[in-house]
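Enquirer: Listed below are the residues making up each chain.
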Amino acid sequence: MINIQNSNFSNHLPNSGAFISKLRKSGGMMRMMKKMMIVSVVLCFACASMFMMASCAKKQVRVEEEAAPTVTPAPEKAEKPAVDEEAAKRAEEERQARLRELEAAQKLRAEIMAFESQHIYFDFDRSELKAPARAILENKAAWLRANGRYKVRIEGHCDERGTNEYNLALGERRANSAFKYLNALGVSADRMTTISYGEERPADPGHNEAAWAKNRRDEFKLYK
Amino acid sequence: MLAPSPGLGRIYIDINAPSVQKIKIAIPDFKNLTADGRSAELSTALMEVLTNDLDLSGYFSPMDKAAFLAEDSDTLSPEEIRFKDWSVIGADLLLKGGYTCIGQSVEVDVRLYDVFWGRQILGKRYLGKTEEYRGLMHRIGNEIIYRLTGYKGIFLTKLAYVGTSTGKKEIYVCDYDGHNVQQITSDQSIALLPRWSPKGDKLLYNSYKDGAGPVLYLRDMDSGKTTKVSARAGLNIGAAWSPDGKKAALTLSYGDNPDIYTIDLTGRVINRLTEHWGINVSPTFSPKGDKIAFVSNRSGSPQIYVRDLETGTEQRLSFEGNYNTSPAWSRLNRIAFAGGEEGDRNIYTVNADGTNLRRLTENQRNNEDPCWSADGRYIAFSSNRNGAYHLYIMNANGQNQRKVTFSKGEQTSPSWSP
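The listed protein sequences correspond, in order, to chains A and B. For what it's worth, the working numbering labels the leading residue of the first sequence as 57, then goes sequentially. For what it's worth, the working numbering labels the leading residue of the second sequence as 10, then goes sequentially.
In isolation and in its complexed conformation, chain B is listed as follows (with noise of 0.2 Å):
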C-alpha cells in the first residue's frame, strides 16, 4: 500500500533547496461516506491531523476554510470538482478525502489534485482502527509528502523527552506531533536525557533512582524491559548511540575526570574517546561514526570539538559566543549546538569543519537541546519562549518554527525516533 506508484512523475518540491518556497494546499473537511452517518465528527478531525503535519513539515502552507468558495458534491471524482473555484482562492494543490466506518474501523480514501491541470496526483485508500484514526492520517501524510518530495516524510515518527507533569522529571513518548503522550518512567527521582537507538526499538537515559549519581539504563520500548547498563561511581551521562547501534558514547567519570569513552550495551568500557584534563560531555557519532562532536571547557569554556576516532585528532568547532554546547550531528552532515553569549541561548547549525555557521533562532529566549529527525531534515529543541520549556520542531534552516508538546510542566532534552 505505502510502495511508490509507478512513475513519481514530477517533484513538485526540491527540499533539498536552501530554502523551500510553500505550496498552497486546500484541505476541506473529509466527507462522511458511513451509510447511516455515524461518526460524523472525524469529518473535521481527520482533515485537521493532516493538515497539521503538512503544516509541520515546512513545506505547505493550509489554506484558511473561510477562503473556500464552495462545497462540492459529495463524491471525490475530478469531473465533480470545479478546479477554477480553488485555483481563484490561490490554491496549488487540493485535498480532498471521504470516509466510511465500517465496525471498529474507518476506511480513508484521499485524492490529492494539482488545481492548476486539474489533474490528480494520489489517490489511495487506507483501513485502520478508528481510535488510531492519527495515525493512520500520517501514513497517509507520508505518501503525500513521498510522492510530492521523493523523500519520506516524518509524520510517524515519535519524540522522547523529559517532563515535568508529575512535579518529578520522568521520561516519556509522544507522537512528533505531540499526541499519544506516553509516560515511560516512574522513577519518582530524577529521569534524564533520553536517546532513542538509531532502530527506535531501544532508549538509554539516566535515572537517580538508585540513590546514587546519574546511572544509565536502557529500555526496551517493546517488553517494557529496563536494564542497567552502567552505574559506575560519579556520572554515566549523556549516551550517544553508534550509527549501527551497537555501542553508546557517554561520559564516565570514575576515572576521577569527567571523560568520553564508548561501552557496549551490557555497559563494558570499549574504548576511552577523550584524555583531557577538564570536563568532556556530550558527545555525538558522525554519520559513518568515525568521528564524534563533544563539548570540552579546556579553553576556559564550554566549546564544541571534534574528534577524529581514526587518528586521534581533535579540532576545535565552535569559536563565537563564550558558552557552545549540546552538539548533534546529523544523518546529512550538519552539526546543530546551542550557543550564546550571556544571556539568550540559540541553536545553530555548522558543518562539521566549522563552515556554513547559521543561527536558526533569534530573540526568543532560551532554545535548547537540538536534536535532528532521522532524515537530517528537522530539528526538535526546548524553548521557553512562551513562558515554560516546551518542545518545538523547525525545518534544518530554521523555517516554520512549531511548538509541539502542550503537556503540564516542562517538556525538555528531546530524541526524535527513526
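If we strip away everything but chain A, and leave its shape as in the complex, we get (with noise of 0.2 Å):
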C-alpha cells in the first residue's frame, strides 16, 4: 500500500513543485499569482495524506535506524496487539508531524538563507535600480507577500570611494530604491526598515572595480 502510494507521490510532487517554483518565478501578475495561489493550495491538500505517508515512506528507513534502540521493547507488547497499534500508529503520527514541521522549517531557513544572500547591485556613484535589481526585488517581493510575519531592513552600502559623508547618502538612496520598488510591488511601508553602512562595510575589501561593483549593493535581511 505504501509502495502505491509512494509511486503516486514520486509522480505528482515534482510535478507540483515546478509549478510551484514557476508561480514564484512570474512575479510581476498578482492576480495571476492569486488564481494560482488558491490552486495550489487545493493542491497542497489535496497531496497532503499522500505526501505524510509517502514521506514517511521514504524517510522511514533513516529514522529507522536512527530510533532503533528506544524501538525495542515493542516485542514484549505483543499480547496486547490492538490497543499497542493505536499506540504506535499515534507515535508513528506524532513524529511524522514533528518531521513535517521539521522539514517546513528547513525549507523557510533555505529561504531566507536564498532572500538574504541575494544582493542588488548599483552603478558607481548611482542609486537607480538597473534591470537585474527589479527582478531580484520582484522575487523578494513575491516571497514577502506570501510570508506575511516577516519584515526587511534594506542596507545600503557603497564602495570605498569618495567621503563617508557623500556615502552614507548615497548608500540611503540605494536603500531607498529598493524600498520604494518592493512598496510598488505592494510590501507595506511599516514591514521594511532602511539603514545606510556608506562605504563602512565592504563585502569584498579588495581596492579594484571587481571589489567596487560587488561592495555597490543593498543586502536585505529578514526579522520578524
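FYI, nobody ran anything at the bench for these hints, they're computed from the structure. Quick caveat: nothing in here was measured; it's all calculated off a predicted structure. Note that CB positions come from ideal geometry on N, CA and C, so glycine has one too. Take the hints with a grain of salt, since some may be wrong.
Listed below are the simulated DSS-like cross-link pairs for lysine-lysine, each with C-alpha atoms no more than 27 Å apart in a straight line [as the list claims (entries may be wrong)]:
#1 B:Lys177 to A:Lys277
#2 B:Lys218 to A:Lys277
#3 B:Lys255 to B:Lys300
#4 B:Lys218 to A:Lys280
One-sided excerpt, in silico: chain B residues whose CB lies under 8 Å from chain A [unchecked claim]:
#5 Lys178
#6 Val182
#7 Leu201
#8 Pro223
#9 Gly243
#10 Leu244
#11 Ile246
#12 Gly247
#13 Ser262
#14 Pro267
#15 Ser291
#16 Ser310
#17 Tyr332
#18 Thr334
#19 Ala347
#20 Glu377
Fit the two chains together into the complex; they arrive one by one in their own frames, and the hints show the way.
Expert: Below is the structure:
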C-alpha cells in the first residue's frame, strides 16, 4: 500500500514543485498569482495525505535506523496487539508531524538564506535600480507577500571611493530605491526599514573595480 | 612665562609669504645638568621632540647631527659658543638646551641664537613634570615660533580621528605630532566623523552603537560625558560647528531627502539650509559664520557649492573634475577639498569665490578628508600613499607633507583642535 502511494507521490510532487516554482517566477502578475496560489493551496491539501504517507515511507528507513534502540521494547507488548497498534500509530503520526515541521522549517530556512544572500548591485555614484536588481526585487516582493510575518531591513552600501559622508547619503538613496520598488510591488512600508552603512561595511575588502562592483549594493535582512 | 618679551625685534620668518624659505637650525642634544647625571635619556628625547616640531612647522630645516663640528662646553652661555663652527656648516640658527631633574619634575633651559650675529634671540626656562616632557617641549617650540614669526605655534594642538586598530572604527585623539594616542570611544560598532568644537572642549561625532543609523553624539572632553544630540530616522551626519560654537550644521534625512540643517547642541532644528533634491552633505562654515560650503550632486556628480546664509543664494565652486567633496573652510578664508577625476584623489584649495585654485598633492595615491588647523596655516589629511591610510599634515601651500600617525590599522577623518 505504501509502495503504491509512494509511486503516486513521486509522480506528482516533482510536477507540483516545478509548478510552484514557476508561480514564484511570474512575479509581476498578481491576479494570476492569487488564482494560482488558490489552486496550489487546493493541490497541497489534496496531496497532503499522500505526501505525508509517502514521505514517511521514504524517510522511514532512516528514522528507523536512528530510532532503533528506543523501539526495542515493542515485541514484549505483543499480548495486546490492538492497543499497541493504536499507540504505535499515534506515536508514528506524531513523529511524522514533527518531521513535517522540521522539513517545513528547513525549507523556510533555505528560503530565508536565499533571500538574504541575494543582493542587488548599483553603478558607481548611482542609486537607480538596474534591470537585474528589479527582477531580484520582484522575487523578494513575492516572497514577502507570501510570508507576511517577516519584515525586511534594507541596508545600502557603497564602494570605498569618495567621502564617508557622501557615501552614507548615497547608501541611503540605494536603500530607498529598493524600499520604494518593494512598496510599489505591494510590500507595505511598515514591514520595511532602511539603514545606510555608506562605505563602512564592504562585502569585498579589495581596492579594485571587481571589489567595488560587489560593494555597491543593497543587502536584505529578514526579521519578525 | 609665555608672554612675549618686550621688543619682538626682527621677524625672522614671514609666514604669510606664498612660500617659505626654510631656516637651517642646528639643535644639539640637550645637556644633562642634573647633579647625579640621572635621566640621561632625556638628552636626546627632549631634542627630538623639538626638532620634530620645528620640522613639522615647515619653517625650518633641522640639520643633520653628523654635520656638527665641535662639542661646546657644558654651559649654554654665548661666550662659550664658537659661532664660526656653526655658521661654517650652514646653520642660520642654533638652539642649545640643558635640563635638570628635580624629583618628579624637570627644568629645561633653552637658548636660541642667531649664528651669523652671535646673538641670543630667546632664552627661557621651563618647569614641568618629567613624564609630560613632550608637552613641555611643545610649549618651548610654540615660544620659538612666536618669537620668530609673530604668530602662535600649533605644537600643543590635538587631532581627533577615526582609527581601526581594534578592528572596529573608533574615535581617537592624539597630539598633533601623533603621540599620546587616546581611544575616546569603545562602541564596538562604527564611530565616524569626529569634530572638535571651536574651543576644543567638546567633540561631535557619529556612531552606530544603538544599531539604528548614524546617530550624532556630543562628548565633553573634560568630563568624558557623552550625550545623544540627534537620532532622527536616517542620517544625522557630518556635523560642522558654527564659529561661535553654539550650533552645528549637519545632514539630516528624516525629511526623505538628505539636506543640510542647523541644530542647537540639544539637537533642536534651528533652520533648514538646503532644499534641493539630491544629496546635500558635508557643510563647513565660513570664518564669520555667514556662509557654508557643502557638497551636492544636483549637477549629476558631487561638487562643492557655497551658500550665503543671509541671501540664500547658492554658487557652485568646483568645476574641474567629476568628484569633489569634503570642503573645509579655513580661518584665512581658503576652502580645502578632496577632488579629482576617476582614479587618485587629491587635496585642493580655492578661494571662496572660486579663484586661485591650487592642487596640493600629486601622484601620491589618494589624499582625502582635509581639515585645517585653527590658525588656517596647516592642513591635516588622510592618505594611503604608503599603503594603509594614515594621517599627514602639510603647510597650507602643500609644502612639507609629513606623516604623523603610526598606529596599527588605519587612521582617517582628522579634525584639528584649536
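Enquirer: Hint by hint, note whether the structure agrees.
Expert: Hints, one by one, checked against the model:
For the given pair, Lys177 (chain B) sits about 21 Å from Lys277 (chain A) by alpha-carbon distance, which is consistent with the 27 Å threshold. With a C-alpha separation of about 18 Å, the suggested pair Lys218 (chain B) and Lys277 (chain A) falls inside the 27 Å cut-off, and the hint holds. Between Lys255 (chain B) and Lys300 (chain B) the CA atoms are separated by roughly 16 Å; this keeps the pair inside 27 Å, and the hint holds. A threshold of 27 Å between alpha carbons decides the hint, and for Lys218 (chain B) with Lys280 (chain A) the separation of about 22 Å falls inside it, so the pair holds.
The restraint placing Lys178 (chain B) at the interface with chain A holds, with a minimum CB-CB distance near 7 Å, inside the 8 Å limit. This hint is violated: Val182 (chain B) has a C-beta 18 Å from the nearest C-beta of chain A, more than the 8 Å allowed. Restraint check, Leu201 (chain B) versus chain A: the minimum CB separation of about 6 Å is within 8 Å; hint holds. Of the supplied interface hints, the one on Pro223 (chain B) holds, with its beta-carbon coming within about 6 Å of a beta-carbon of chain A, less than 8 Å.
With a cut of 8 Å, the hint placing Gly243 (chain B) at the interface with chain A holds, because the nearest CB-to-CB distance is about 6 Å. At its closest, the beta carbon of Leu244 (chain B) sits 6 Å from a beta carbon of chain A; the interface hint therefore holds under the 8 Å criterion. Hint status for Ile246 (chain B): holds, given a least beta-carbon distance of 5 Å to chain A, under 8 Å. For Gly247 (chain B), the interface hint holds, the least distance from its beta-carbon to any beta-carbon of chain A being 4 Å, beneath 8 Å.
This hint holds: Ser262 (chain B) has a C-beta 6 Å from the nearest C-beta of chain A, less than the 8 Å allowed. A cut of 8 Å between beta carbons decides the hint on Pro267 (chain B): the least distance to chain A is about 4 Å, and the hint holds. The interface hint given for Ser291 (chain B) is met, as the beta carbon of that residue sits about 5 Å from the closest beta carbon of chain A, less than 8 Å. Interface hint at Ser310 (chain B): satisfied, since its Cβ lies 6 Å from the closest Cβ of chain A, which is below the 8 Å cut-off.
Among the interface hints, the one on Tyr332 (chain B) holds; its C-beta lies about 6 Å from the nearest C-beta in chain A, closer than the 8 Å criterion. Taken as an interface hint, Thr334 (chain B) checks out: its beta carbon lies about 4 Å from the nearest beta carbon of chain A, inside 8 Å. Because the beta carbon of Ala347 (chain B) sits about 7 Å from the nearest beta carbon in chain A, less than 8 Å, this interface hint is met. For the restraint placing Glu377 (chain B) at the interface with chain A, the shortest Cβ-Cβ distance is roughly 7 Å, inside the 8 Å limit, so the hint holds.
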